[in-house]
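With the hints as constraints, model all of the structure from the sequences given.
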Amino acid sequence: MKYAFFLGCNIPARLEQYESASRAVLSRLGVGLIDYRDFTCCGYPLRNVDRKAYLLSAAGNLALAERDGVNILSLCKCCFGSLKEAQYLLGGSETLRREINDLLKPRDLAYEGRVEVKHLLSVLYHDVGLDALKKKMTRNMKDLKIATHYGCHALRPSKVTQFDDPVAPTLFDELVKATGAESVEWTEKLNCCGAPLMGINDRISMDLTQKKLDSGRESGADFLCTACPYCQLQFDQVQSMMASDGATGGSLPSILYAQLLGLCMGVDEKVLGLRKNQVAMDNVTSFYNADFITQE
Numbered sequence: 001m002k003y004a005f006f007l008g009c010n011i012p013a014r015l016e017q018y019e020s021a022s023r024a025v026l027s028r029l030g031v032g033l034i035d036y037r038d039f040t041c042c043g044y045p046l047r048n049v050d051r052k053a054y055l056l057s058a059a060g061n062l063a064l065a066e067r068d069g070v071n072i073l074s075l076c077k078c079c080f081g082s083l084k085e086a087q088y089l090l091g092g093s094e095t096l097r098r099e100i101n102d103l104l105k106p107r108d109l110a111y112e113g114r115v116e117v118k119h120l121l122s123v124l125y126h127d128v129g130l131d132a133l134k135k136k137m138t139r140n141m142k143d144l145k146i147a148t149h150y151g152c153h154a155l156r157p158s159k160v161t162q163f164d165d166p167v168a169p170t171l172f173d174e175l176v177k178a179t180g181a182e183s184v185e186w187t188e189k190l191n192c193c194g195a196p197l198m199g200i201n202d203r204i205s206m207d208l209t210q211k212k213l214d215s216g217r218e219s220g221a222d223f224l225c226t227a228c229p230y231c232q233l234q235f236d237q238v239q240s241m242m243a244s245d246g247a248t249g250g251s252l253p254s255i256l257y258a259q260l261l262g263l264c265m266g267v268d269e270k271v272l273g274l275r276k277n278q279v280a281m282d283n284v285t286s287f288y289n290a291d292f293i294t295q296e
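Sequential numbering of the sequence shown, starting at 1, is according to this note's numbering.
Be aware that a few hints might be false.
Below, computed lysine to aspartate or glutamate pairings styled on DMTMM-like, alpha-carbon distance capped at 20 Å [stated by the list, open to error]:
id : residue 1 : residue 2
1  : 134       : 268
2  : 52        : 99
3  : 145       : 218
4  : 142       : 269
5  : 142       : 182
6  : 270       : 282
7  : 135       : 291
8  : 276       : 16
9  : 142       : 282
10 : 270       : 19
11 : 189       : 218
Hints are computed from structural coordinates only; laboratory data are not their basis.
Have a look at this one:
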């Protein structure tokens, strides 16, 4: 099982713990990763500004993986949604695909629609499988309550992303349950984290974040859990900024799913980058199930 590893722009610059944690758990699961130095931006920042520039950027990445006969694994749900949208548009118009391929010719590339784009969670759930995950766990969590944040770009538009039921998704919840933790129900589960508005209208952005934090706390969650750099940055760095102004009413740490899974697999905490999360989560190891018998 091998994938072209698509990191996007944000993770290497601002959330390197997501990469290191993901590489660690995927390695233990026997998932091979191919790093492409020629991968560029997924095109998302240009999607509503210049559609052709967006599609050219996205298609170049798709064509690179397609050339080598490997599918793409994305850690970022924004990149995942952007690449899936490009596939949808190019697949629906032969004229548009020819136009984009003409622009790719100088790079000796062409996109023909033979590559799949998958998110980390999809790979873990569908390709690796819950049973295989559990067999690699040397410990699990007990009495840990997690509020799963699905994010917007993986769920919608569902006909494009085909990630999960956009109204009643379960994939992320099942992955959390595989660690022994409880996935709680919370009213703001499927709503936006507020990240798209940060830097444009900070007040509204933080209001959306505050609603998520309040809802998570009301549900009894010990942690939020994310699988997208933008959402994690919003719940971690932005929450930390909000807390310094006394705005959050108490912290609710956010843990990346790769970090949570890595803890259950016995991956070193430094590799998982737990200390790099700004909202302290020092108590996460207190939820280890002492009665769990390793299956290795």
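Cross-check of the supplied hints:
no.	hint	result
1	134 - 268	holds, 18 Å
2	52 - 99	holds, 9 Å
3	145 - 218	holds, 12 Å
4	142 - 269	holds, 19 Å
5	142 - 182	holds, 8 Å
6	270 - 282	holds, 13 Å
7	135 - 291	holds, 16 Å
8	276 - 16	holds, 9 Å
9	142 - 282	holds, 16 Å
10	270 - 19	holds, 13 Å
11	189 - 218	holds, 12 Å
Checked against the numbered hints given earlier, the structure satisfies every one of them.
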